[in-house]
Amino acid sequence: MADASVQSSRSRDLDKLLLRPGNLVGPRFEPGPEMRDDLQTYARVLVVGAGGLGCELLKDLALSGFRNLEVIDMDRIEVTNLNRQFLFRLEDVGKPKAEVASKRVMERISGVNIVPHFCRIEDKDISFYNDFNIIALGLDSIEARSYINSVACSFLEYDSDNNPREETIKPMVDGGTEGFKGHARVIMPGITPCFECTIWLFPPQVKFPLCTLAETPRTAAHCIEYAHLIKWNEVHGGVAFDPDNPQHMKWVYDEAVKRAELFGIPGVTYSLTQGVVKNIIPAIASTNAIISAACALETLKIATECSKTLSNYLTYNGAEGLHTKVTEFERDKDCLVCGPGVLIEVDPSVTLQKFIDLLEEHPKLRLSRVSVTHRGKNLYMQAPPVLEEMTRSNLSLTLFELMGKLSKDVVNVNGTTTKNDQKISCLRKLSVVFKGIDGVTDMDTAGGA
Amino acid sequence: MAEPKVKYDRQLRIWGEQGQTALEKSSICLLNCGPTGSETLKNLVLGGVGSITVVDGSKIEEGDLGNNFMVDESSIGQSKAKCVCAFLQELNDAVKAKFIEEYPEELIETNPSFFSQFTLVVATQLVEDSMIKLDRICREANVMLILARSYGLTGFVRISLKEHAVIESKPEHFLDDLRLNNPWPELKSFAEGFDLNVQDPVVHKHIPYVIILVKMADEWAKSHGGALPSTREEKKEFKELIKARMVGQDEDNYKEAIEASFKVFAPKGISSDLQQIINDNCIEADSNSSDFWLLVAALKEFIAHEGGGETPLEGSIPDMTSSTEQYVNLQNIYQAKAEADFVAIERLVRSLLKKVGRDSNSIPKTMIKSFCKNARKLKVCRYRLIEDEFNSPNLPELQKYLTDEDYSTAVGIYILLRAVDRFAANYNSFPGQFDSAMDEDVPRLKSTAVGLLSDLGCNGATLAEDLINEMCRFGAAELHAVAALVGGIASQEIIKKLHYLGSSQLITRQFVPMSGTFIFNGIDHKSQLLSL
Ligand SMILES: [Zn+2]
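Heads up: the protein sequence lines correspond to chains A and B, in order.
UniProt numbering puts the first sequence at residues 1 to 449.
UniProt numbering puts the second sequence at residues 1 to 532.
These are computed hints drawn from the structure, not numbers from a lab.
Please note that the accuracy of each hint is not assured.
What the hints assert, rightly or not - Simulated crosslink set (DMTMM-like; lysine to aspartate or glutamate; CA at most 25 Å straight-line):
hint: 1; chain 1: B; residue 1: Lys205; chain 2: A; residue 2: Asp92
hint: 2; chain 1: A; residue 1: Lys308; chain 2: B; residue 2: Asp439
hint: 3; chain 1: B; residue 1: Lys96; chain 2: A; residue 2: Asp244
hint: 4; chain 1: A; residue 1: Lys325; chain 2: B; residue 2: Asp252
hint: 5; chain 1: A; residue 1: Lys278; chain 2: B; residue 2: Asp319
hint: 6; chain 1: A; residue 1: Lys308; chain 2: B; residue 2: Asp406
hint: 7; chain 1: B; residue 1: Lys526; chain 2: A; residue 2: Glu320
hint: 8; chain 1: A; residue 1: Lys231; chain 2: B; residue 2: Glu325
hint: 9; chain 1: B; residue 1: Lys526; chain 2: A; residue 2: Glu167
hint: 10; chain 1: A; residue 1: Lys308; chain 2: B; residue 2: Glu325
hint: 11; chain 1: A; residue 1: Lys181; chain 2: B; residue 2: Asp439
hint: 12; chain 1: A; residue 1: Lys308; chain 2: B; residue 2: Glu405
hint: 13; chain 1: A; residue 1: Lys308; chain 2: B; residue 2: Asp252
hint: 14; chain 1: A; residue 1: Lys333; chain 2: A; residue 2: Glu167
hint: 15; chain 1: B; residue 1: Lys96; chain 2: A; residue 2: Glu78
hint: 16; chain 1: B; residue 1: Lys5; chain 2: A; residue 2: Glu328
hint: 17; chain 1: A; residue 1: Lys207; chain 2: B; residue 2: Asp252
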């Protein structure tokens, strides 16, 4: 089908989608060269994670018309990444993933700019995340997803009718894989369920009861966890077990073998020991490619409305035959993260210090080490030390005064809470109402919940 | 640890070293290395396939830079196959990478024997006529074929080969093989050694639930003329009886027994799927029979005689509350029975081999063992010739799809993906390929699609106007994200196929490939598998 008149521009294929009107498109789709150029010039996407999904996402987005990308990842490249993280080579082992991934994609696709961030996601100011139009998540941990979700939802504001303000919605696309299975989802905070609304989709890992490990081991994993969780502390009291230390791992393996021999249990291997102790999730290139591509496609659709969007959760399972399914989950109306905020009624005389103490005792929140911001202004910050010192004097002032004597308003708090015996960072939006201040009726307070 | 073992660690955890060996022995041929083909191969090269051969006759144009990561600016005007091959080689130096600068369509016409050297051919972006010809060539040469195509926001993946027997090693829907509904004598007598009324509470709460259920089922049968609970009331009553035996609230073993009591109620004997396989025509053992069908013939014998209606026992048991000692003892009981069943099957296999005139040791012990362990889960996938499907699809299915809300978009895409090839054969370009012809292409595509439907026997069937419009809008564009997704699925299916290709090593045939045609719907992701 060779024809001289085929326009051979770099966006030859993408132009068909972005320049032509369509019938199955979003309401705000305005086909034309401007749309393509705006996508290239103004759309800013953050990719969280530069691993199996992140590498694919960067490539897919860069070849889907996006030119302003940033990527954040705290990890360095390991040999075990090379079976799927195609932007990395053996000689890259030990280098930061975010940096190498950005460099490789920019080398091959001219015009694309990718800014790498080699750090923890919690290290960035919240405002960093507000700079992006869309956040694409390529993560393997529930805690990290939960954190980014709470950050994106913290930007969400509601109007007086409790409808989300459109300009404050920070869309996210999220992917995850395990072996031959995976999921891709679109999160529009305030409209579709956020990560926390459907947290039950990610049940916590079942742990073995300690008495089984100590008294009646029956499987290889029981022997390994005995060595890892019980024997290690008995012998090395005080020395924290480091899963990345090969000597530590070897010690656990040797102990597990001894225990397995003692009880006549087969199957303890070094590989299984690593798998159990580090909770290694098997991963292959093809599944990452499938899930990332679905996420990138949805990112393009969110940015341009050039087609319908995924509504709102896609599961893929290639282990037995091939199954894909789209499920439309619903928001949890009482969600603490993407709802209008947890209603807190306080007396106007309450100081900031007292308010922070209240949050620790609040049954829905249980927040410790709390920092408080109001309309972008820091009221109290736990860290860094400079900011802590600057805001410390606010602790003795009343919250009412600090919030500009408004009868009610939203504050954002950031702190740590405990979930499944683990301390995690989290952000919460609080809808603060001052008791007995003019303009507040019982009706208003009831409606804020 | 050796470096490759570390590099492949995350996939070895899924398919083990035998699976990896199967990959490393394979040679793959790719036809057309646009983004769909390139991305398919990328995933295979990363996983460590043996060798790849990239076939493409085109030169790199500027437009290719916008959708294919494996070509770059400095290679404009050069061979696409060469450039893609070089990039793929960079990903994994253990893979032997080659390229041939030739158009696949020409190769199919002029050199059909070319394809017989490969274990698998993956053909991307071929039009209907070439697909049909290539499929015939590959069937004849007994080479597996995977077809993949990306077209705008749509695409498809289809597998073609004569037959694929699978032994699922990790099927999620299979229950543990415990035989609680049909315990063999050794298990029964082992259970007799336990006393459910034992006074010592520590002993009482460590009796494995398997033993509790065997004893309770035995008690029930004695008072019910040999029958096990079958009605809803009986099942409820059975559970209540177990509950009544608990002496403390914290007895996890009794809770496990109540939860697993349905295993006592399950029907005896083999599943209907397995029944179908042992009744298959292929089972008549002769010297041409494959190892798989000889093993199935032996299995049939076993089920009819030694097995007493059951398959050989799998031999493994799940973790359960128990003392270590009793758990190990129980494991030994199950393993001994599995071993005895294996010995019986092995004897049958050896005598069958002799009967058909083959060396009686030509099927290795390890394979027979693996076959026994997984006998309950055999599966045979068969694929129609593409030409047959295209000319005479399963009409009732097609009609059902056309009217079923869940399938109508997917089958619309299927029909339109075929219609665009007819269109191209008639008008020398794909619908919507050029901006100037958009207005006339929509009605032309519509009439082409309606014509195709009526040729297939669906007179009067129509497709959604919106979808026809979208198909013209796509204008045969190969979008990167769609190509990566379609290519990803193709590569995953290929990996499952390659495990099968551990040829005589049944051990590694552990994943079930898809059946039918996978239609990718990138509009709302409501993709479907169609069996036509
Ligand atoms: Zn929520």
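Hints, one by one, checked against the model:
no., hint, verdict
1, B:Lys205 x A:Asp92, "violated (55 Å)"
2, A:Lys308 x B:Asp439, "holds (23 Å)"
3, B:Lys96 x A:Asp244, "violated (34 Å)"
4, A:Lys325 x B:Asp252, "violated (36 Å)"
5, A:Lys278 x B:Asp319, "holds (21 Å)"
6, A:Lys308 x B:Asp406, "holds (16 Å)"
7, B:Lys526 x A:Glu320, "holds (19 Å)"
8, A:Lys231 x B:Glu325, "holds (21 Å)"
9, B:Lys526 x A:Glu167, "violated (29 Å)"
10, A:Lys308 x B:Glu325, "violated (60 Å)"
11, A:Lys181 x B:Asp439, "violated (42 Å)"
12, A:Lys308 x B:Glu405, "holds (17 Å)"
13, A:Lys308 x B:Asp252, "violated (50 Å)"
14, A:Lys333 x A:Glu167, "holds (21 Å)"
15, B:Lys96 x A:Glu78, "holds (24 Å)"
16, B:Lys5 x A:Glu328, "violated (41 Å)"
17, A:Lys207 x B:Asp252, "holds (15 Å)"
Hint compliance for this structure: hints 1, 3, 4, 9, 10, 11, 13 and 16 are not met, and every other hint is.
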